[in-house]
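In full-length UniProt numbering, the protein residues as written are 1 to 103.
Treat the hints as calculated values from the structure; they're not laboratory data. Be aware that one or more of the hints could be misleading.
[Claimed, not checked] Subject to a maximum C-alpha distance of 30 Å in a straight line, what follows is the list of computed DSBU-like cross-link-like pairs (lysine-lysine):
1. Lys70 x Lys27
2. Lys70 x Lys40
3. Lys27 x Lys40
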Amino acid sequence: MLMIPAESQGETSTTKQSLVYSISEGKIYNNIQLPVRDGKRYCGSSHGWVAIVDLADDDVTITLMDPYRKAVAPINVPRLDYEHLNPDPESYLESYQYEGYVP
Numbered sequence: 001m002l003m004i005p006a007e008s009q010g011e012t013s014t015t016k017q018s019l020v021y022s023i024s025e026g027k028i029y030n031n032i033q034l035p036v037r038d039g040k041r042y043c044g045s046s047h048g049w050v051a052i053v054d055l056a057d058d059d060v061t062i063t064l065m066d067p068y069r070k071a072v073a074p075i076n077v078p079r080l081d082y083e084h085l086n087p088d089p090e091s092y093l094e095s096y097q098y099e100g101y102v103p
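Make a model of the complete structure from these sequences and hints.
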């Protein structure tokens with residue numbers, strides 16, 4: 001899936017409509033509602049889920065949501081402190097590797 005940002009002309013609401021293009025189906029979905037989150041990163045994950053990553057000053061917040069099934073509430077992943085993240089020298093400069101174990 002490829003998310004195409006919607007044109008915003010004076011929108012002040014917290015959600016906006018986005019276009020999503022399915023590469024495998026060759027089809028455009030135009031009824032996807034996603035929260036407006038300036039400065040956030042949207043990362044696709046399996047089975048249509050979207051991970052919204054917020055890199056705040058002291059921690060990392062990740063929210064999982066399924067924009068295709070509105071009845072499913074977003075899932076807030078527990079926050080990660082930057083002290084538990086270290087840059088991975090083998091990867092890109094913005095990639096991080098989690099150093100810890102959560103049972």
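Checklist entry - Of the hints stated earlier, which fail here? => result Violated: none.
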